[in-house]
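Peer 1: Those protein sequence lines, which keep their order, are chains A and B. First residue of the first sequence: 1, per this note's numbering; consecutive thereafter. First residue of the second sequence: 1, per this note's numbering; consecutive thereafter.
Because the hints were derived from the structure by calculation, they are not lab data. Warning: the hint list may mix true and false statements.
Partial list, derived from the structure: chain B residues whose beta carbon lies under 8 Å from chain A [what the hints assert, rightly or not]:
{"no.": "1", "residue": "A12"}
{"no.": "2", "residue": "R15"}
{"no.": "3", "residue": "L24"}
{"no.": "4", "residue": "V50"}
{"no.": "5", "residue": "I53"}
{"no.": "6", "residue": "N55"}
{"no.": "7", "residue": "Y59"}
{"no.": "8", "residue": "I126"}
{"no.": "9", "residue": "R152"}
{"no.": "10", "residue": "L155"}
{"no.": "11", "residue": "P157"}
{"no.": "12", "residue": "F159"}
Computed list of chain B residues with no C-beta within reach of chain A, every gap over 10 Å [said to hold, decoys possible]:
{"no.": "13", "residue": "E4"}
{"no.": "14", "residue": "P16"}
{"no.": "15", "residue": "T21"}
{"no.": "16", "residue": "D34"}
{"no.": "17", "residue": "I63"}
{"no.": "18", "residue": "P110"}
{"no.": "19", "residue": "E127"}
{"no.": "20", "residue": "D146"}
Pair by pair, the computed Cβ-Cβ distance ranges are [stated by the list, open to error]:
{"no.": "21", "chain 1": "A", "residue 1": "G127", "chain 2": "B", "residue 2": "N55", "range": "18 to 24 Å"}
{"no.": "22", "chain 1": "A", "residue 1": "G255", "chain 2": "B", "residue 2": "S142", "range": "54 to 60 Å"}
{"no.": "23", "chain 1": "A", "residue 1": "G127", "chain 2": "B", "residue 2": "G58", "range": "34 to 40 Å"}
{"no.": "24", "chain 1": "A", "residue 1": "G253", "chain 2": "B", "residue 2": "G138", "range": "44 to 50 Å"}
{"no.": "25", "chain 1": "A", "residue 1": "D13", "chain 2": "B", "residue 2": "N55", "range": "47 to 53 Å"}
Every residue gets a Cβ at the ideal spot worked out from N, C-alpha and C, and that includes glycine.
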Amino acid sequence: MTDGLDILTRLVDYHDHIAPPTVPVADDVRRGRRRVRRNRGIVTGGVALGVAGVVLTASLITGGDRDTHPEPAIPSPTATATDTATVSTPPIPPAPGWAGALRTDQASLPVLSERTGRVDGADAAVGWIDIRRVYAYARPEYRLVLQDPPPLASSLDPTRRVMEHGVVVDSDGDRVADCRIGISTDAPTPGDFRVWVTDLRAGTTVEQIGPPYGIPIDFFHPAEREDPTVESMSRTISLFFLGATPGARCELGTGASFYAYAVVMDRGRDPEWDFAPDAAWLRIS
Amino acid sequence: MTDEAAFSAYVAARRPQLFRTACLLCGDPHRAEDVVQDALVRLYGAWDRVAKIDNIDGYVRRIVVNADYSDRRRPWRRESATEPRDVPLDPGFPVEDADTIRAALRALPPGQRRVIVLRHIWNLTIEETAAELGISTGTVKSQSADALATLRKSLAPAFGTALGKEGDR
């Protein structure tokens with residue numbers, strides 16, 4: 001046996017002894033379905049925008065009945081986005097011990113470029129709310145990489161402990177938060193999630209508690225696994241938002257800025273927080 | 001068999017291997033799991049198309065390799081925010097040996113690591129490896145040789161002097 005082969009033998013032996021996590025196939029199927037559904041939503045949204053553009057152009061050219069009122073940009077607070085997603089006020093239905101405003105000094109926060117600001121230090125005592133990296137994609141998708149994999153949502157009793165992750169967006173560049181997108185385990189049934197979009201300007205929230213998810217946001221969350229015997233190894237939370245949810249405006253275009261946050265609350269008190277970046281906005285470019 | 005059933009069967013059969021490969025490429029089990037999840041999500045979306053071709057493995061393998069590759073190309077991801085975690089191992093495999101091999105792999109440039117994984121773990125030919133990575137066969141050979149030389153140098157102190165000789169190319 002040559003030494004080259006000996007090296008390769010050891011390498012293959014090491015490879016063969018790596019113990020893969022036991023991940024239910026159903027998890028991969030569910031993630032795949034989500035992605036397909038989201039992609040269809042993007043296509044449908046694009047077509048709808050195109051049609052709306054054509055209709056708008058036609059109406060401008062042909063004129064219109066002055067007495068016909070356009071649809072409001074923000075539906076009334078009683079509007080319903082879907083059968084199960086609801087618009088409500090006040091803007092943030094409180095999680096246990098919710099601490100109110102995330103940051104009080106938003107106006108003074110500088111804006112960082114994405115490249116310098118994406119990495120956040122290890123600065124939270126609880127690893128699964130310690131955000132280490134954040135990404136924003138034009139799709140639009142936000143991705144939060146945590147220090148440690150979060151516990152299964154089904155293992156958390158929402159009356160005792162709630163974890164929450166999200167992003168706060170400044171749509172118009174004035175360094176004041178305009179909307180918030182979040183996901184938490186603050187749902188009546190352990191294992192379910194509450195997802196929501198809050199329009200901080202209008203004071204409206206569109207939320208979904210428990211499945212079916214997809215509106216107002218879709219997500220991949222490593223705490224979602226169904227099998228309690230399986231330990232998740234993933235540390236990445238992905239939030240997908242099409243930006244067209246009736247009742248909660250949230251523009252995410254170029255020029256917008258955002259920061260990510262995470263919080264864990266025990267019995268509604270003593271929340272442990274993390275912000276990424278710690279004191280700045282990240283510009284979406 | 002329905003499309004979803006076929007996808008499930010494929011995932012059940014291939015996921016462990018994909019994870020192991022991703023571990024070798026990334027050196028971190030958490031990132032490896034992310035890469036595999038991402039690859040399988042993409043595979044699900046393309047299953048109708050991919051299931052009609054013979055080489056599903058090749059398609060997925062390319063996604064995994066590219067996911068790791070594109071991760072590294074993005075400037076902000078070159079920063080290492082956390083220390084890589086220990087790769088989980090079957091009982092009985094010496095932890096010290098695993099640490100040594102993992103460190104040696106991490107010391108390889110990403111291109112050489114990809115060549116080693118494709119050539120010697122997935123057992124692709126030189127031509128297949130070159131086609132997969134979009135490089136010439138000569139580059140595959142030279143990167144393979146350089147990688148083996150580096151591995152030999154890194155592993156020799158732990159695994160004995162026999163590895164110190166020049167050899168296989």
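Peer 1: Now tell me, hint by hint, if it's right for this structure.
Peer 2: Hint check:
| no. | hint | verdict |
| --- | --- | --- |
| 1 | A12 | holds, 5 Å |
| 2 | R15 | holds, 7 Å |
| 3 | L24 | holds, 6 Å |
| 4 | V50 | violated, 12 Å |
| 5 | I53 | violated, 18 Å |
| 6 | N55 | violated, 20 Å |
| 7 | Y59 | violated, 14 Å |
| 8 | I126 | violated, 15 Å |
| 9 | R152 | holds, 6 Å |
| 10 | L155 | holds, 6 Å |
| 11 | P157 | violated, 13 Å |
| 12 | F159 | holds, 7 Å |
| 13 | E4 | violated, 6 Å |
| 14 | P16 | violated, 4 Å |
| 15 | T21 | violated, 8 Å |
| 16 | D34 | violated, 5 Å |
| 17 | I63 | holds, 13 Å |
| 18 | P110 | holds, 16 Å |
| 19 | E127 | holds, 19 Å |
| 20 | D146 | holds, 12 Å |
| 21 | A:G127 <-> B:N55: 18 to 24 Å | violated, 40 Å |
| 22 | A:G255 <-> B:S142: 54 to 60 Å | violated, 46 Å |
| 23 | A:G127 <-> B:G58: 34 to 40 Å | holds, 37 Å |
| 24 | A:G253 <-> B:G138: 44 to 50 Å | holds, 46 Å |
| 25 | A:D13 <-> B:N55: 47 to 53 Å | violated, 27 Å |
This entry does not satisfy hints 4, 5, 6, 7, 8, 11, 13, 14, 15, 16, 21, 22, 25, going by the numbered hints stated previously.
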